[in-house]
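*Asks:* So the sequences go chain by chain: A and B. Heads up: the first sequence begins at 1 in the working numbering, then just goes up one per residue. Heads up: the second sequence begins at 134 in the working numbering, then just goes up one per residue.
Quick caveat, the hints were computed from the structure, so don't treat them as lab data. Don't take each hint at face value.
If you want the footprint, here are the derived chain B segments under chain A, 3+ residues with CB under 8 angstroms [as the list claims (entries may be wrong)]:
id	region
1	220–233
2	331–342
3	370–382
Each computed DSS-like pair below joins lysine-lysine, with the alpha-carbon atoms no more than 25 angstroms apart [to be verified]:
id	chain 1	residue 1	chain 2	residue 2
4	B	K416	B	K340
5	A	K51	B	K416
6	B	K204	B	K292
7	B	K204	B	K340
8	B	K204	A	K113
9	B	K340	A	K16
10	A	K55	B	K204
If you're wondering where the values come from, they're calculated on a predicted model, not measured in any experiment. All C-beta atoms in this analysis are idealised placements derived from N, C-alpha and C, irrespective of residue type, glycine included.
Each chain, written out:
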Amino acid sequence: MKHEEPVDSMGVTFSKVTRICTLVGLLIMILFGLLYLFGLNPYMDINSVAKHWGKPAYKFWYDIKGNDVNNYSWFLSHLSKMDSLSMIGIFFLSLTPLVSVLFIIPHAKKIYKILLLILAFELIFSIIKPIIL
Amino acid sequence: MELSVVQWVVVLFVFTFVIGILAPIGGVGGGVLFVPLAAAFFPFSIDFVRGAGLIMALTSSLSSTPYLIRKGLSNLKIMIPAVVVSNITAIIGSIAGLWVTNTFPTGESYIIIALGGILLVIFVFMLASRQIEFPQIKKIDTLSQRLKLDGRWYEPSSKEIYEYATTNLPLGLLMFSLVGFVAGMFGLGAGWASVPVLNLVMGAPIKVAVATSMAIITVNTSSASWVYLAKGAILPLICIPSIMGMSIGARVGAKLAAAAKPLIIKYLVMFIMLLAAVLDIVKGIHGLHVL
């Protein structure tokens, strides 16, 4: 008989939310990423990327698009392009821990509620920092 | 010989596929092999290599954490205080790493030399480290007691339920702040550092330490990845073949692990790491034009 120790509701919720969000993020990233690799409707031309990928990020962007990049608009503003859509998958994966943390706050005991709120604040700050600073 | 874009993508896929096979058998995360080797052998800027390394660590930890939590091995009560601290230093590390390459003309060389240095530290860690299956805890500190940092899991190999507690949380948090900084700065998951902290410092059983370290990596790499995303240091052209190669390789590696001789693979991985460390340091020094 398969024996498993019961996991608390915080663990069950974290596990479930993380699994679903990861699956969605990976699907978006890989599906549109493959279409981009096959040359379908790119925002960044593959040959142009390969020509400049040896340069630091800021120089790379100056050379291929004529400006530096300091927020998420370089992919959020071009959602009809396959590479930008693939980046949405990565965006979603990066967002997953925050979503999972927010979902488990109601299930946590008081001291952990406080710690999770601090953690959620830190994660939100890391996301909005490039926009506000 | 000049390679075309398609050839580079294929080489990257095969390279990460091989890393994906070797890493789990050798007992290390894929990022710790990918970042230094790609920095040494591929034509990509270290910014894009670190960005891809972070996303690789993020996807592999996100994929395994739900299973490990359900098995009772990954402990959220230990993870939460650790990431509250290491998350802040991971963000600082990622900002510092990109600042160095973007501010100094030879910044990339400094980062590559530092990466080689970190790799030498990991090599010594692997050479000297011992793992304790069930560490003996004599006294539990007040903070760990208040947070009730304990747990239990069912071990199918012995058909027993194991109960454990952890201690030394203040010292553990201090060490996790360093782990977070290194993870953010170099685009590594840094499981090689968080597992010994959990196992040898805080007294978590080795299985719990490895599984909880995975959950810690999800949060640290997530917060560091925003800095790389906002700076445009994550390119699908590099990330997609790398993640696919690593994921497929890891599945093959997990199947081969049962038949392979782990000690030989561990020494092979250690040799590759030592080689990558030396190559990174040489490449970095060469970039400073002092040789």
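*Asks:* Each of the hints needs a verdict: does it hold here or not?
*Replies:* Structure-based check of all given hints:
1. Remark: the region 220–233 of chain B is confirmed as covered by chain A, as 4 of its residues place a Cβ nearer than 8 angstroms to a Cβ of that chain, reaching the required three.
2. Only residues whose C-beta sits within less than 8 angstroms of a C-beta in chain A count toward coverage, and the region 331–342 of chain B has 0 of them, not enough to reach three; the restraint is violated.
3. Here's how the region 370–382 of chain B fares: 7 of its residues keep a CB closer than 8 angstroms to some CB of chain A, so the rule of at least three is met and the hint holds.
4. Straight-line distance between C-alpha atoms of B:K416 and B:K340 comes to about 37 angstroms, which puts the hinted pair past the 25 angstroms bound.
5. Restraint check for A:K51 and B:K416: satisfied, since their Cα atoms lie roughly 21 angstroms apart, inside the 25 angstroms limit.
6. Proximity of B:K204 to B:K292 is assessed by CA-CA distance (about 14 angstroms); at most 25 angstroms being required, the pair is judged to hold.
7. A hinted pair counts as satisfied when its Cα atoms are at most 25 angstroms apart, and B:K204 with B:K340 qualifies at roughly 11 angstroms.
8. Taking the CA atoms of B:K204 and A:K113, the gap is near 23 angstroms; set against the 25 angstroms cutoff, the hint holds.
9. Straight-line distance between C-alpha atoms of B:K340 and A:K16 comes to about 22 angstroms, which keeps the hinted pair within the 25 angstroms bound.
10. Between A:K55 and B:K204 the CA atoms are separated by roughly 44 angstroms; this puts the pair beyond 25 angstroms, and the hint is violated.
The structure does not agree with the numbered hints 2, 4 and 10 stated previously, though it agrees with the rest.
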